[in-house]
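Can you make the complete structure from the sequences, with help from the hints?
There are 2 protein chains.
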Amino acid sequence: MQSINSEKSEQISVERVVNDIHNNNLPLLREFLDTSSPREIADLLVSILPTQRTIIWELLSEPKKSEVIPWLRADIRPGLIEEMDDAQLFIAAETMDVDDLADVLGDFPDQVTQSIIEALETDNRKRLETVLSYPEGSAGRLMRTEVLSVRKDVTFSVVLRWLRRHEKLPSLTDALMVTDEEGYYLGKLELANIVTGSPETKVIDAMVGTAEAVRFDAEEHEVASLFEKRELISVAVTDADGKLCGRITVDDVVNVIRHEADQAFLKSGGVAQEEDLFSPIMPSARRRGVWLGINLITVFMAVWVIGLFEAALNQIVALAVLMPVTASMGGIAGNQTLTLIIRGQAMDQVSRLNALWLVRKELAVGALNGLVWAFLVAIVSLLWFKDTYLSLIIAIALFINLLVASLSGVLIPLTLKRMKIDPALSGAVILTTVTDVVGFLSFLGLASIFLL
Amino acid sequence: MQSINSEKSEQISVERVVNDIHNNNLPLLREFLDTSSPREIADLLVSILPTQRTIIWELLSEPKKSEVIPWLRADIRPGLIEEMDDAQLFIAAETMDVDDLADVLGDFPDQVTQSIIEALETDNRKRLETVLSYPEGSAGRLMRTEVLSVRKDVTFSVVLRWLRRHEKLPSLTDALMVTDEEGYYLGKLELANIVTGSPETKVIDAMVGTAEAVRFDAEEHEVASLFEKRELISVAVTDADGKLCGRITVDDVVNVIRHEADQAFLKSGGVAQEEDLFSPIMPSARRRGVWLGINLITVFMAVWVIGLFEAALNQIVALAVLMPVTASMGGIAGNQTLTLIIRGQAMDQVSRLNALWLVRKELAVGALNGLVWAFLVAIVSLLWFKDTYLSLIIAIALFINLLVASLSGVLIPLTLKRMKIDPALSGAVILTTVTDVVGFLSFLGLASIFLL
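Chains as they are written, first to last, in numbering that gives the first Met the number 0: chain A, 0 to 451; chain B, 0 to 451.
Be aware that a few hints might be false.
Because identical chains cannot be distinguished in the list, a pair is counted as satisfied if it fits within a single copy or across any two copies.
[Stated by the list, open to error] List time: in silico DSSO-like cross-link candidates among lysine-lysine, alpha-carbon distance up to 27 Å:
hint, residue 1, residue 2
1, LYS228, LYS416
2, LYS63, LYS416
3, LYS242, LYS167
4, LYS167, LYS228
5, LYS242, LYS125
6, LYS228, LYS63
7, LYS151, LYS201
8, LYS167, LYS201
9, LYS167, LYS385
10, LYS228, LYS419
11, LYS201, LYS419
12, LYS242, LYS228
13, LYS151, LYS167
14, LYS167, LYS63
15, LYS151, LYS63
16, LYS242, LYS151
17, LYS242, LYS416
18, LYS125, LYS167
19, LYS242, LYS201
The hints are simulated quantities; they were obtained by calculation from the structure and are not laboratory data. On a predicted model such as this, the values are computed, not experimentally measured, just so you know.
Rendered as structure tokens:
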């Protein structure tokens, strides 16, 4: 990439790696991988085929593997861990810090987990047990326990002397946390303040005493939105009493944002679970088959509605021909509304305060588009089938279905959210059922009444 | 929010603001808004109705408005700027820094823009013109020009003395950039290194000389993926010669990631352009109508295919009833594949190296699900219509359509990408056309051949 000048270490190119495997350049590849960052190797591993993945994994040195494990995407981690024997896993676990270990331990075989926990020093075992006790998706799980804290009464020169005893600060340290004697969180002292302040300054006079802290049980989503609102690099995490227990850094928040967006996108496409692009055929087929099965039920509901009008379809073949128009247009219009509302919900923009307003607006948008497209559809079907009543009926049916679609596009996600069901996944399938059923019902129903 | 303890300033609650407006508590509300951060006010403004938006905007003091303007989401900014008179805009522009001004100037009326540019000092005018010359969506547009740089030969004690002359460092300063006498970028010196190093250390010995820099013309997307891969807080931006011209910080990168994900989600729901949830009815209807119109064309293609089989539909009414099944199931299966491939493309996981492998895998998944669901559909239609041949034909048609859907799910996004068309927007509509046409064609076609 010409415009990103990165000498640090060559960015891993999938093409290069695949070529090396193909040409059996394995020693060279091994050397290259040993100088790459764990994160980049993890990114590489999700971008190549399963067979290549195994080859790369076997090329990595044992210490490199333990560095990479915490970075692996959750869906490919178990497979790679399976290829390591118990002794290797044990060694890998020993080199990980407690936070990483907590993230990956669930994928280790039970007997290994047991011996790893037993082998930990009492301190680390306690820390591990604490972290594991936090619910998944909470600030406690997201945080690192590695955090630098200072007392409020010392001066910058003391702080600097203490800092200089460190070889290196924990990564992404933009600030020190300030606590009292008992470990209660008081505020945040930015490195930027330390370097601009005079050595005699006291911590308490320079710290931001009002800097926000999150409790260990705050939800990931809340934490991410706090970071975005306040442009934070790190935030302190406290226990229920307000004692400092860790910190969350912006890189983990970026992962949360990425993951949330990714899930919303997958769900909107009918892919319910995290699925590796290169995962084996059988599990892929099974996971997606579930969704196809649910859809089949809804299709049969629509088809059953059509079946109610066999008599009409038998007499007027044009009905069968034009039938998909109303259902399909309703589906598209409803899905547009649904998408906007779901996004609005994700951004906390939708509430009972404006629900009524949104219903009215979407109905108006549906009515406007209903008028325009109903008119056009009527003209096309008039030219095709030369039947004024039929054209009128399809126009009315289309108009009705667009109104119903707009209304459903607002009400379905609101209702699902109230029932604590994720609208991103099930919203579209419910909506399509409604627009299909109403689309067929209004068109064929009106036709049965007025044309037979 | 109980678990986020934020004393700094109460988080703005939409509910509270709406209630204050409703109860005409405006003086209190004004006071509250004056202590809120610009970002939070901007977030509030997108979450309330247009009428409320106007009230809030009028409550803000002039200096507050100029702080808020750069934070406003692009789709609501022009509307709010319109409500300010030229003199107010001129004053607002004077208090903005050049980077912010470059972002918003396009929304100002022409005559104001002209006088703002003329009123700028020569230095600032030049900087503004430079920033405006960078293409939208490039690193040059994303960067801030406010950047602290030091020479490589000085010692930490000199650096510290210089830093202490600053009241405050630019926000999100995690590092100083190191340049030579002529301004060429050499590397990055982290504040963490300054505070841990001894005062005699020379910059050159402590800086990360291999820290990556991005060129002004790098694409936002590339920059974001560099930040994610390397866990950066900031990165230097250089001109074509390698001279330091600014820096990009992680908060802007978070915005880029958010925006990209948001766009992908909206597009997948058939909402092509950024649309404010509360935007007026007419523009909303027009924007969404375009998409409905495109869909109508594709529906009529499918309907035309059905029309080819009027004879068959006339003789066997069950065909009309069952017809939607094959098309709908194909649409769902194809959309699942499409979604996974589009996500893979966004993560740079899909290339010509694995395209063939992906086609084979998706075909296999399609075939497996085809077998399972074709069997089930055959049984249901057998029970319903007691016609063995009809059941056999719908099963075969469904199987064919799921294979075509899987194949299209891979090939359509690959082809679109090669043609430099965004697959997230147009992929689904093309796919649905294919699965509709093939779904109807295979079912009605086979029926015409074997049942008539």
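To see whether the hints hold, each was checked on the structure:
Taking CA atoms no more than 27 Å apart as the test, LYS228 paired with LYS416 passes inside one copy only; the shortest distance there is 24 Å, against 34 Å between copies. Proximity of LYS63 to LYS416 under the C-alpha cut-off of 27 Å is found in neither arrangement, the shortest distances being 44 Å within a copy and 35 Å between copies. For the homomeric pair LYS242 and LYS167, the shortest alpha-carbon distance inside one copy (25 Å) is at most 27 Å, but the shortest distance between copies (29 Å) is not. With identical chains, the CA atoms of LYS167 and LYS228 are at most 27 Å apart between copies only, with a shortest distance of 21 Å across copies and 30 Å within one.
In this assembly of identical chains, LYS242 and LYS125 lie within 27 Å of each other by CA distance solely inside one copy; the values are 17 Å within and 51 Å between copies. When the C-alpha separation of LYS228 and LYS63 is checked against a cutoff of 27 Å, the pair qualifies only between copies, where the shortest distance is 17 Å, while the shortest distance within a copy is 37 Å. In this assembly of identical chains, the alpha carbons of LYS151 and LYS201 lie at most 27 Å apart only when taken from the same copy (7 Å versus 31 Å across copies). Proximity of LYS167 to LYS201 under the C-alpha cut-off of 27 Å is found in both arrangements, the shortest distances being 23 Å within a copy and 17 Å between copies.
In this homomeric assembly, LYS167 and LYS385 never come within 27 Å of each other (Cα to Cα): the closest approach is 82 Å inside a single copy and 77 Å across copies. For the homomeric pair LYS228 and LYS419, the shortest alpha-carbon distance inside one copy (25 Å) is at most 27 Å, but the shortest distance between copies (34 Å) is not. Taking the shortest Cα distances, LYS201 and LYS419 never come within 27 Å of each other, neither inside one copy (49 Å) nor across copies (58 Å). Taking the shortest Cα distances, LYS242 and LYS228 sit within 27 Å of each other inside one copy (24 Å), while across copies they are farther apart (32 Å).
Proximity of LYS151 to LYS167 under the C-alpha cut-off of 27 Å is found in both arrangements, the shortest distances being 22 Å within a copy and 21 Å between copies. Taking CA atoms no more than 27 Å apart as the test, LYS167 paired with LYS63 passes inside one copy only; the shortest distance there is 21 Å, against 41 Å between copies. For the identical chains of this complex, LYS151 and LYS63 are neighbours neither inside a copy (40 Å) nor across copies (34 Å), given an alpha-carbon limit of 27 Å. In this assembly of identical chains, LYS242 and LYS151 lie within 27 Å of each other by CA distance solely inside one copy; the values are 15 Å within and 42 Å between copies.
For the identical chains of this complex, LYS242 and LYS416 are neighbours neither inside a copy (34 Å) nor across copies (52 Å), given an alpha-carbon limit of 27 Å. In this homomeric assembly, LYS125 and LYS167 come within 27 Å of each other (Cα to Cα) only inside a single copy, at 25 Å, whereas the closest approach across copies is 41 Å. With identical chains, the CA atoms of LYS242 and LYS201 are at most 27 Å apart within one copy only, with a shortest distance of 22 Å there and 39 Å across copies.
Hints 2, 9, 11, 15 and 17, counting from the list given before, are not met by this structure.
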